[in-house]
Amino acid sequence: MGSILVTAFTVAFIFFFALHYILKVDSISDCAWHGSARAWIDSNRDGRIDQDEPPLDHVEIHVQDVRNQFVVAGDAGWSAITDKDGDVQFNIPIPDCTDTVFEIYADIPNGYQVTTKPHIEVNSGIWESLDTDRVYYFGFVLER
Numbered sequence: 043m044g045s046i047l048v049t050a051f052t053v054a055f056i057f058f059f060a061l062h063y064i065l066k067v068d069s070i071s072d073c074a075w076h077g078s079a080r081a082w083i084d085s086n087r088d089g090r091i092d093q094d095e096p097p098l099d100h101v102e103i104h105v106q107d108v109r110n111q112f113v114v115a116g117d118a119g120w121s122a123i124t125d126k127d128g129d130v131q132f133n134i135p136i137p138d139c140t141d142t143v144f145e146i147y148a149d150i151p152n153g154y155q156v157t158t159k160p161h162i163e164v165n166s167g168i169w170e171s172l173d174t175d176r177v178y179y180f181g182f183v184l185e186r
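Numbering (the numbering used here), first residue to last: 43 to 186.
Check before you lean on any hint, since a few could be wrong.
FRET-style restraints, in silico, Cβ to Cβ [said to hold, decoys possible]:
hint, residue 1, residue 2, range
1, Asp-138, Pro-97, 55 to 63 Å
2, Cys-139, Asn-86, 27 to 35 Å
3, Cys-139, Asp-88, 12 to 20 Å
4, Arg-87, Ser-121, 20 to 28 Å
5, Asp-141, Ile-46, 47 to 55 Å
In short, the hints are calculated from the structure, not lab data.
Glycine included, every Cβ here is placed at the ideal spot set by N, Cα and C.
Using the sequences provided together with the hints, build the complete structure.
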């Protein structure tokens, strides 16, 4: 009876070890970068969002990994389009918690000019405060 239990435990251990190894190899990334961007109409052209300035929807925002190129060859990175509030959220996997540098930029909508930095470089900051709300702003005004 004792040898049957030892054999059963050994088989179970090997099975769970193999399962853990398989899932670890193909698992979801160990870390992720979370950030958001906001696009708005910068009525006074000062590059700062003011309370009375409206959001700008349908702006395509891109995040590019400029250090490690984790995206598939030929892919431009991660993209999303701002909602009715001018907001977009990103949750980007970082394999093995590698030190990463992202570049965030917006496609400038037809008929608009950008009033903020057109490209923002961001270190993923895995070991920095994870509570920090990371919002990156893109202001636009109608072309004159």
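Sort out which numbered hints this structure fails and list those numbers smallest first. 1, 2 and 3
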